[in-house]
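Participant: Starting from the structure of chain A, add chain B where the hints point.
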Amino acid sequence: MAEPLLTIDRLVKRFGGLTATDHLSLEVMPGEVHAVIGPNGAGKTTLIAQIAGELRADAGEIRFAGEDITRLPAPARSHRGLARSFQVTSLFADMTVEDNVALAVQAHDGHSFRFLADARRDARLRDPARAVLARVGLAERGQVRAAALSHGEQRQLEIALALATRPRLLLLDEPMAGMGAEESARMIERLRGIKSQVTIVLVEHDMDAVFALADRITVLVYGRAIATGRPDEIRRNAQVREAYLGDEQAAS
Amino acid sequence: MKSLDARGWTALALILLLVAVPPLARTFDQNFYLLLFTRVVIMTTAAISLNLILGYGGMVSFGHAMYVGIGAYAVGISSFHGLNDGWAQMALAMAVAAVAALAIGAMSLRTKGVYFIMITLAFAQMIYFVAVGLSRYGGDDGLTVKRRSDFGLFGLKDPAVLYYVALAVMLAALWLSWRMVNSRFGLVLRGAKSNDRRMAAIGFATYRYRLAGFVVAGTMCAVAGVLLANFSDFVSPATMHWTRSGDLIVMVVLGGMGSLFGPLFGTVAFLLLEEVLSGITEAWQIIFGPLLLALVLYARGGIDGLLAKRTERGDG
Chain A
1 MAEPLLTIDR
11 LVKRFGGLTA
21 TDHLSLEVMP
31 GEVHAVIGPN
41 GAGKTTLIAQ
51 IAGELRADAG
61 EIRFAGEDIT
71 RLPAPARSHR
81 GLARSFQVTS
91 LFADMTVEDN
101 VALAVQAHDG
111 HSFRFLADAR
121 RDARLRDPAR
131 AVLARVGLAE
141 RGQVRAAALS
151 HGEQRQLEIA
161 LALATRPRLL
171 LLDEPMAGMG
181 AEESARMIER
191 LRGIKSQVTI
201 VLVEHDMDAV
211 FALADRITVL
221 VYGRAIATGR
231 PDEIRRNAQV
241 REAYLGDEQA
251 AS
Chain B
1001 MKSLDARGWT
1011 ALALILLLVA
1021 VPPLARTFDQ
1031 NFYLLLFTRV
1041 VIMTTAAISL
1051 NLILGYGGMV
1061 SFGHAMYVGI
1071 GAYAVGISSF
1081 HGLNDGWAQM
1091 ALAMAVAAVA
1101 ALAIGAMSLR
1111 TKGVYFIMIT
1121 LAFAQMIYFV
1131 AVGLSRYGGD
1141 DGLTVKRRSD
1151 FGLFGLKDPA
1161 VLYYVALAVM
1171 LAALWLSWRM
1181 VNSRFGLVLR
1191 GAKSNDRRMA
1201 AIGFATYRYR
1211 LAGFVVAGTM
1221 CAVAGVLLAN
1231 FSDFVSPATM
1241 HWTRSGDLIV
1251 MVVLGGMGSL
1261 FGPLFGTVAF
1271 LLLEEVLSGI
1281 TEAWQIIFGP
1291 LLLALVLYAR
1301 GGIDGLLAKR
1311 TERGDG
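First to last, the protein sequences are chains A and B. So the first sequence is numbered by my numbering: it starts at 1 and just counts up by one. So the second sequence is numbered by my numbering: it starts at 1001 and just counts up by one.
So here's chain B without its partners, still in its complex pose:
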């Protein structure tokens, strides 16, 4: 096996730490950290899915939180109607997200650059206002999820179980994205990002591959939404507000676009900084903003890039 570099070690240490969160939280009677890290692993899954298209495919989707919302509402609405089967909810969430991504991607992927960003944002805003208009399901106020999803063999009532399910989903997403970005499909996505003109010249019509990537990412993200609804026992349009989409982009950029562990690094950093900084001041973005700016200006590969640079220096 290849020896691990600094980012490999960091990722491994981080994952081991994540595995140990529930017993540690119980030992030190700090339930708060279990909840914080549940949010971290759920949002990491969402960030991993965005990284697939943004980082590897160069598609800056500014509406990715919409899929979190779709997943969350799949749980909220089905639970409202008395359907609590987790598998059915999961299937529903993924199917709706896939159809939405297919329709939105089919239109938006015909554009490039700023237009693509604006169109994905516009679609996400449309869905946001659809959710606001769902007065039966609480409209702007959202609705409470009275019963968490039941997966037969396990339920998500126990916070530790929910945490480990979310962690397992996150690791599965990480594994899937690792396989995918090194597959034939993944190399086409990367090629389209790197030089789409050359892709056409060597014989690739990249549109359908980019569309497929867009659908995979949206579907994967909806799973995070299912978990998030269970975690907060509540769904509301705020989940898919455009600022949430912005947060996801920040997580990916902060961690390092187009790197395997980038979304993990980025989400951990983002949510922990939010937690720490908002303890100092309510306007925590005043501190977070310059930090992000410095990172983007001086380390273009994000946290992953910083770690990689360290490795290169260390190897000599």
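Next comes chain A alone, as it looks inside the complex:
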């Protein structure tokens, strides 16, 4: 069997009395879309923040591509091939869409102690940035300020910023957050196009999206992984249905 790209081993994160991540173990195989689902407060976003390096774990280990990255800060992890998107849109609101993405390209094109040359005319930054924008469907919107985009477009730019760093592992934190049914469907199509090129950890509430995209699913409840398996296995899992899926399926 192939080596996992990401291994999370008995990870623990406590906030005061609350254990947000409780001896959580998880393996992400290269090439898969690994969805992480769970009710609100299950610790999904906390998990993403720990994988991305924004939050320091209290115990346990995170290994990425064979390297222990548990103590690395976020920028260093980005340079090893990890990228994340944010549940609450987090862009450079006052910059243009193209500037946003070009900055992410620039972060991975050597140091930035270049003081005089016009970065906006730098083909090494602008060409890849435009290519990424085309991939997420924002090719026509490059010169618009990020703050002026519609919510759906901002969600696309969220993903463009992560993609522009050419990651090996993409952490998507609720990419469909706040989207209507139609926008969600389009986003699912886009992610389908991306999934052949990059390994994805997908945190999502939209079960249609999860079952449409995921190769494997891990169910989180109170910071613990109660089950991991293929979508059909998760659907059938009695424990999962009880803890989480049951009421949603009853509703649909």
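Be careful, since some hints might not be right.
[As the list claims (entries may be wrong)] What the simulated footprint calls covered on chain A by chain B, stretch by stretch (three residues with Cβ under 8 Å from a Cβ of chain B suffice, anywhere in the stretch; the number is not a length):
#1 68-76
#2 85-95
#3 100-112
#4 116-123
#5 159-170
[What the hints assert, rightly or not] Over 10 Å on every C-beta distance to chain B, these chain A residues come out as not near it, computed from the model:
#6 Ala2
#7 Phe15
#8 Ala52
#9 Ala59
#10 Glu61
#11 Ala131
#12 Arg135
#13 Ala139
#14 Leu149
#15 Ser150
#16 His151
#17 Ala181
#18 Ile188
#19 Arg192
#20 Val198
#21 Ala243
Hint data in this document are derived by calculation from the structure and do not stem from the laboratory. Glycine included, each C-beta is placed from N, C-alpha and C at the ideal position.
Facilitator: Here is chain B on its own, set in the frame of chain A:
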């Protein structure tokens, strides 16, 4: 070439006016205006340097006048010891300012927001009291610069020469800040101001870039200090009093933070208003305060923002 908008025209007109100040002052026998505008162009250089970190980098340094003071004292002290070579004084001023900015920035940039403001203020106050304690160099009273800097090819004795040197320095600072804020380095500074969390996520450790920006700004500001000491033939701790740092912030905010010409607009407006209003009443801030308040409340981009808004309306 792109056509100029209202702020471009205003800036161009202002710069042309600045170029014409010495002949105009001579023609109308108004030497006073030459002196006033010398102060304007020197302080504009200082404001440009502050705008780099405050406007573009979001670093609200409340101790920026300290670098003016360092530049001024570099001239005052070296002149006191008989060294009047302008280039050497300039190099000394910039080196000391760079080292000071590196040390202060290295510590203060680990904090954010109000803490950053307080720490930069605290360091500037420390240096202020160091200057007060320099009894050999006049202490609280300061010291007179008996001879102005000599740059070999030119000296700064002639007020018109000093003026044009100061103007050239100001234009160079403007050019440098224009290049820098649009460079890779500048975009990192802007990104760190806009969303530092996202910067980390896409792979930027912004600390060293912000520190570099802090050092560049301090070094640039010291040049203004060298000119100011020559202009007033006098240096004293008052140059780096914290209220002077406040004035610099007001100049930048008034003109428009994070805009290229903002510091120019702001400094011209500030010093001219000070001049005019203090002719009306000694407590000129009573009038200036509400004006500033109105501008900050109703035009958040400062004077530059007002001009830009005009352009947007005009273009339709």
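Participant: Mind verifying the non-interface call on Val198/A? Its CB should be farther than 10 Å from each CB in chain B.
Facilitator: Check passes; 15 Å lies beyond 10 Å.
Participant: Using C-beta distances, would you say chain B covers the region 116-123 of chain A, given that this needs three or more residues below 8 Å?
Facilitator: Check passed, 6 qualifying residues.
Participant: Would the non-interface assignment of Ser150/A survive a Cβ cutoff of 10 Å against chain B?
Facilitator: Holds: least Cβ distance 19 Å, greater than 10 Å.
Participant: Determine whether the non-interface label on Arg192/A survives the test: each CB of chain B must be over 10 Å from its CB.
Facilitator: The claim stands: Arg192/A keeps its Cβ more than 10 Å from every Cβ of chain B (closest is about 24 Å).
Participant: Against chain B, does the region 85-95 of chain A show at least 3 residues with beta-carbon separation below 8 Å?
Facilitator: holds (count 7)
Participant: Are 3 or more residues of the region 159-170 of chain A near chain B, judged by a Cβ distance of less than 8 Å?
Facilitator: holds (count 4)
Participant: Taking the closest pair, is the beta carbon of Ala52/A still more than 10 Å from chain B?
Facilitator: Check fails; 6 Å does not lie beyond 10 Å.
Participant: For the region 100-112 of chain A, does the count of residues with a C-beta closer than 8 Å to a C-beta of chain B reach 3?
Facilitator: holds (count 7)
Participant: Can we confirm that no CB of chain B comes within 10 Å of the CB of Leu149/A?
Facilitator: Label holds. Min Cβ-Cβ 15 Å, cutoff 10 Å.
Participant: Hey, does Ala181/A actually stay past 10 Å from chain B on C-beta?
Facilitator: Given a closest Cβ separation of 28 Å, the condition holds.
Participant: How does the region 68-76 of chain A fare against chain B when you require at least three residues with a CB closer than 8 Å, holds or violated?
Facilitator: holds (count 4)
Participant: A cut-off of 10 Å on Cβ-Cβ distance, and His151/A was said to be off the interface with chain B. Does that hold?
Facilitator: holds (17 Å)
Violation of the numbered hints given earlier is confined to hint 8; every other hint is satisfied by the structure.
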